[in-house]
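Asks: One letter stands for each residue in the lines below.
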Amino acid sequence: MNRNSLRARVTAFYVGMLALALLFFSVAVYAGARAYLTRSMERSLSNTARTVVADYLVPLDKQGQAWFLAEMSESYPPGIADPFVRVSQGGKVLYQSGDIRDPLLRVTTLPLPADPLNLSSFHRATDAAGQPMMMYTMGYRPPSGALILVETGASMEPLTHLLYSLLKILLIATPAILLISAVGGYLLMARPLRPVVELTEQAEHVGLTHMGKRLPIIPSGDELERLSLALNRMIERMEEALAHNQRFSADASHELRTPLTIIRGELEALLQIPDLTPPAMDGISSALEEGDRMSRIVNSLMTISRLDGGGERMEMLPIDLTNILQVTLEHMGLMAEEKEIALECQITAPVFVTGDAMRLKQVIVNLVDNAIKYTPNGGRITVRLLAENERAALTVADTGIGISPESLPHVFERFYRADRARTRESGGTGLGLAIVKAICGAHDGTLFIESEEGKSTTLRIELPLLNLSPRQVADLQHSAAQTVRVQPTPMASEDPAEEFSQTKM
Amino acid sequence: MRILLIEDEQKVSALVKRGLIAERYAVDITADGLEGLEFAETYPYDLIILDLMLPRVSGTEVLQRVRRKNTFVPVLILTARDSIDDKVKLFELGADDYLTKPFAFAELLMRVKALLRRGPVNRSSTLRIGDLELDRLTQQVKRGGKRVELTAKEYALLEYLMQNAERVLSRNMIIEHVWDQSFDGITNIVDVYVRHLRAKVDDGNIFKMIRTVRGTGYMIRGVNES
Numbered sequence: 032m033n034r035n036s037l038r039a040r041v042t043a044f045y046v047g048m049l050a051l052a053l054l055f056f057s058v059a060v061y062a063g064a065r066a067y068l069t070r071s072m073e074r075s076l077s078n079t080a081r082t083v084v085a086d087y088l089v090p091l092d093k094q095g096q097a098w099f100l101a102e103m104s105e106s107y108p109p110g111i112a113d114p115f116v117r118v119s120q121g122g123k124v125l126y127q128s129g130d131i132r133d134p135l136l137r138v139t140t141l142p143l144p145a146d147p148l149n150l151s152s153f154h155r156a157t158d159a160a161g162q163p164m165m166m167y168t169m170g171y172r173p174p175s176g177a178l179i180l181v182e183t184g185a186s187m188e189p190l191t192h193l194l195y196s197l198l199k200i201l202l203i204a205t206p207a208i209l210l211i212s213a214v215g216g217y218l219l220m221a222r223p224l225r226p227v228v229e230l231t232e233q234a235e236h237v238g239l240t241h242m243g244k245r246l247p248i249i250p251s252g253d254e255l256e257r258l259s260l261a262l263n264r265m266i267e268r269m270e271e272a273l274a275h276n277q278r279f280s281a282d283a284s285h286e287l288r289t290p291l292t293i294i295r296g297e298l299e300a301l302l303q304i305p306d307l308t309p310p311a312m313d314g315i316s317s318a319l320e321e322g323d324r325m326s327r328i329v330n331s332l333m334t335i336s337r338l339d340g341g342g343e344r345m346e347m348l349p350i351d352l353t354n355i356l357q358v359t360l361e362h363m364g365l366m367a368e369e370k371e372i373a374l375e376c377q378i379t380a381p382v383f384v385t386g387d388a389m390r391l392k393q394v395i396v397n398l399v400d401n402a403i404k405y406t407p408n409g410g411r412i413t414v415r416l417l418a419e420n421e422r423a424a425l426t427v428a429d430t431g432i433g434i435s436p437e438s439l440p441h442v443f444e445r446f447y448r449a450d451r452a453r454t455r456e457s458g459g460t461g462l463g464l465a466i467v468k469a470i471c472g473a474h475d476g477t478l479f480i481e482s483e484e485g486k487s488t489t490l491r492i493e494l495p496l497l498n499l500s501p502r503q504v505a506d507l508q509h510s511a512a513q514t515v516r517v518q519p520t521p522m523a524s525e526d527p528a529e530e531f532s533q534t535k536m
Numbered sequence: 006m007r008i009l010l011i012e013d014e015q016k017v018s019a020l021v022k023r024g025l026i027a028e029r030y031a032v033d034i035t036a037d038g039l040e041g042l043e044f045a046e047t048y049p050y051d052l053i054i055l056d057l058m059l060p061r062v063s064g065t066e067v068l069q070r071v072r073r074k075n076t077f078v079p080v081l082i083l084t085a086r087d088s089i090d091d092k093v094k095l096f097e098l099g100a101d102d103y104l105t106k107p108f109a110f111a112e113l114l115m116r117v118k119a120l121l122r123r124g125p126v127n128r129s130s131t132l133r134i135g136d137l138e139l140d141r142l143t144q145q146v147k148r149g150g151k152r153v154e155l156t157a158k159e160y161a162l163l164e165y166l167m168q169n170a171e172r173v174l175s176r177n178m179i180i181e182h183v184w185d186q187s188f189d190g191i192t193n194i195v196d197v198y199v200r201h202l203r204a205k206v207d208d209g210n211i212f213k214m215i216r217t218v219r220g221t222g223y224m225i226r227g228v229n230e231s
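First to last, the sequence lines map onto chains A and B.
Taken in order, the first sequence gives residues 32 to 536; the numbers are from the numbering used here.
Taken in order, the second sequence gives residues 6 to 231; the numbers are from the numbering used here.
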């Protein structure tokens, strides 16, 4: 569970609110109960005192001492009376109900109130055993004689016990309620969030393969519906921008073709003029070479924009990548040899993918060509192809000049050149890796680059692996042996020697 | 041989016409699809070169309407579009070949010649230029009677050059014939192979047969023509 997730945050927020409410409620209940219990205890104490005064002290003069004692011991029998009662006059006890057994209270030795001014008041005291108790003292002055003090008292024990029980209940119940509501709330939050989860999953797929698809609209009439609508509008705008971009590259390269044809044709015609001076020949030839490069750039741009736009028709067939790799490396062997570069190929078993053989071949050609271009004489290039984790992984590792860390993130961009002087010299188009990336993307593949400046560069391509049964493999190898050429060249070829070049390579 | 060129870009048609006339073809030019159709229906052309972007009637439609009346005249399409879809569609409509702009004139000429080459082609098993000999059956190459050992690719390259002797072959044409289009992006694969071929064929001989035509490509020529 992610602590920052919306779900967790919402749950935490309302659990917090609930905790606050419960705390407030508990405090109120506790304080209320406590006040109520205290007040009813006080009322019972003061009522008893008043009863003693009214019923037994007022008629005392008339009825006499003996009657008083008899009445008192009957109404407030010693050892039982609750609250306990003590009547005293001028430091002399007239009557007291004495110690109470349940709850145990030793009050016989309780000192008489020293300050007779503190009348009609409640105060706390402790008995001989240290039990907390509440006392009430009331004064009565008979028409004849000195002030009589009536004291009533009761143990606080039942009250504290009750309050303690209440506190215990609150302390146990509150966290339990919070826990239940947190879990319940967290689970409940999944329901309103489910459309958001779905929306997210759909949004993840947008742009991975192609834009085309729209997100489902959540018909909730609230923020979620607005969110899905807004996201769809955003996808639309992105799609438009992308399409515009692609159309622009396609249009631009398209429009460049006719002028390039004219330039090229005029220059070729110029070369036919007899007795050209060497500088003129040189100039025209050089212009032709650059025209050639421009044509390649235009073609590459066109290819990339078609691949990116999904407009390129590709023949997606199950193919053995090792086959293509071996054939391609054979074709390029001489180029490596020229620079005394060791071109090593590590293949263990056939690796099948679904793809366009021509395009995948182009990927290998571009990567190996790059590696040869940027590896000094006497270096080494290792090409490895293997199947791992359901992926076909092709790596091309060289011991070349490498790429600086700051250039590394840009190498797949169109026309990006890590080392301007060097690439211009070798006449590249600046689009080789961009094409590789576009082809990779069209095959649902991923492209990685790793480089140590001055030491090495490793490019890695991963394509979804195609798992074939041995029978399918046999069928495929059989048909591959029959049709070697993947794509016919437009020009009709009738020569047996051409077939030779196709099959033997 | 009479060729109809339907192309609205005047400079392109002027260039192509100039080149084709130099090769002794009769060339008619029109810049407009409708007029092109009228021409094609009026005169018995041996070949039609057709641009796709035309005013009034598009190239594709011209192709369709020409094919409805005349199934035999070869049609070569000049196009700025090069997606496989476009190409497939053109062949379905009855085009015989296409050439993507920008093109080298040498390539256009080769395709024109290939399309006009009706009837038996020279299929002799031995190609011979000067003292260089290539036997297609045994796949053996001899220069001045001495055996020259070639790898398969070098053999294919030499055969293509010899088949088109005295004619400049652009790198693009060589790549498409000897390798395939995946090698398009690479600049120097042709140069490397030609260098190796040269070392085997020309080294030790006074006359160098394999020539570099700067800015265009390569050609092979015999001693007597130089």
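A portion of the hints provided could be inaccurate.
Here are the simulated DMTMM-like pairs of lysine to aspartate or glutamate, each with C-alpha atoms no more than 20 Å apart in a straight line [stated by the list, open to error]:
{"id": "1", "chain 1": "B", "residue 1": "K16", "chain 2": "A", "residue 2": "E297"}
{"id": "2", "chain 1": "A", "residue 1": "K486", "chain 2": "A", "residue 2": "E375"}
{"id": "3", "chain 1": "B", "residue 1": "K94", "chain 2": "A", "residue 2": "E102"}
{"id": "4", "chain 1": "B", "residue 1": "K22", "chain 2": "A", "residue 2": "D306"}
{"id": "5", "chain 1": "B", "residue 1": "K92", "chain 2": "A", "residue 2": "D282"}
{"id": "6", "chain 1": "B", "residue 1": "K74", "chain 2": "B", "residue 2": "D102"}
{"id": "7", "chain 1": "A", "residue 1": "K370", "chain 2": "B", "residue 2": "D37"}
{"id": "8", "chain 1": "A", "residue 1": "K486", "chain 2": "A", "residue 2": "D475"}
{"id": "9", "chain 1": "B", "residue 1": "K205", "chain 2": "A", "residue 2": "E368"}
{"id": "10", "chain 1": "B", "residue 1": "K16", "chain 2": "A", "residue 2": "E286"}
{"id": "11", "chain 1": "B", "residue 1": "K213", "chain 2": "B", "residue 2": "D196"}
{"id": "12", "chain 1": "B", "residue 1": "K74", "chain 2": "B", "residue 2": "D87"}
{"id": "13", "chain 1": "A", "residue 1": "K123", "chain 2": "A", "residue 2": "E102"}
{"id": "14", "chain 1": "B", "residue 1": "K94", "chain 2": "A", "residue 2": "E346"}
{"id": "15", "chain 1": "A", "residue 1": "K123", "chain 2": "A", "residue 2": "D92"}
{"id": "16", "chain 1": "B", "residue 1": "K118", "chain 2": "B", "residue 2": "D136"}
{"id": "17", "chain 1": "B", "residue 1": "K205", "chain 2": "B", "residue 2": "D102"}
{"id": "18", "chain 1": "B", "residue 1": "K92", "chain 2": "A", "residue 2": "E343"}
{"id": "19", "chain 1": "B", "residue 1": "K92", "chain 2": "A", "residue 2": "E375"}
{"id": "20", "chain 1": "B", "residue 1": "K205", "chain 2": "A", "residue 2": "E369"}
{"id": "21", "chain 1": "B", "residue 1": "K92", "chain 2": "A", "residue 2": "E346"}
{"id": "22", "chain 1": "B", "residue 1": "K74", "chain 2": "B", "residue 2": "D90"}
{"id": "23", "chain 1": "B", "residue 1": "K213", "chain 2": "B", "residue 2": "D136"}
{"id": "24", "chain 1": "B", "residue 1": "K205", "chain 2": "B", "residue 2": "E154"}
Note that these hints are calculated values from the structure, not bench results.
The structure presented is a predicted model; accordingly, all values stated were derived computationally and were not measured.
Asks: Are the hints correct? Go through all of them and say.
Replies: Now the hints, each set against the structure:
The straight-line distance between the Cα atoms of B/K16 and A/E297 is roughly 9 Å, inside the 20 Å bound, and the hint therefore holds. Straight-line distance between C-alpha atoms of A/K486 and A/E375 comes to about 18 Å, which keeps the hinted pair within the 20 Å bound. At most 20 Å may separate the alpha-carbon atoms for a hinted pair to count; B/K94 and A/E102 exceed this at roughly 127 Å. Taken as a hint, the B/K22 and A/D306 pair is broken in the structure, with Cα atoms around 23 Å apart against an allowance of 20 Å.
Pair hint B/K92 plus A/D282 holds up; C-alpha atoms about 18 Å apart against a cutoff of 20 Å. Between B/K74 and B/D102 the CA atoms are separated by roughly 19 Å; this keeps the pair inside 20 Å, and the hint holds. With a CA separation close to 53 Å, the supplied pair A/K370 and B/D37 exceeds the 20 Å bound. Among the hinted pairs, A/K486 with A/D475 is inconsistent with the structure: their alpha-carbon atoms are about 30 Å apart, more than 20 Å.
Between B/K205 and A/E368, the direct Cα distance comes to roughly 16 Å. Compliance with the 20 Å bound is thereby established for this hinted pair. A threshold of 20 Å between alpha carbons decides the hint, and for B/K16 with A/E286 the separation of about 15 Å falls inside it, so the pair holds. For the suggested pair B/K213 and B/D196, the alpha carbons sit about 16 Å apart, so the restraint of at most 20 Å is met. Distance hint between B/K74 and B/D87 is unfulfilled; the C-alpha atoms sit about 27 Å from each other, more than 20 Å.
The suggested pairing of A/K123 with A/E102 holds, with an alpha-carbon distance near 19 Å, which does not exceed 20 Å. Straight-line distance between C-alpha atoms of B/K94 and A/E346 comes to about 16 Å, which keeps the hinted pair within the 20 Å bound. With a C-alpha separation of about 17 Å, the suggested pair A/K123 and A/D92 falls inside the 20 Å cut-off, and the hint holds. Distance hint between B/K118 and B/D136 is unfulfilled; the C-alpha atoms sit about 26 Å from each other, more than 20 Å.
For the proposed pair B/K205 and B/D102, the alpha carbon gap of about 35 Å is over 20 Å, so the pair is violated. Restraint check: the Cα-Cα separation between B/K92 and A/E343 comes to about 12 Å, which is no more than 20 Å; the hinted pair holds. The suggested pairing of B/K92 with A/E375 is violated, with an alpha-carbon distance near 38 Å, which exceeds 20 Å. Of the pairs offered as hints, the one joining B/K205 and A/E369 holds, with about 15 Å between alpha carbons and a cut-off of 20 Å not exceeded.
In summary, the hint linking B/K92 to A/E346 is supported, as the alpha carbons are separated by about 14 Å, within the 20 Å threshold. Our distance criterion of 20 Å between C-alpha atoms is broken by B/K74 and B/D90, whose separation comes to about 25 Å. With a C-alpha separation of about 11 Å, the suggested pair B/K213 and B/D136 falls inside the 20 Å cut-off, and the hint holds. Between B/K205 and B/E154 the alpha-carbon distance is near 8 Å, which keeps this suggested pair within the 20 Å criterion.
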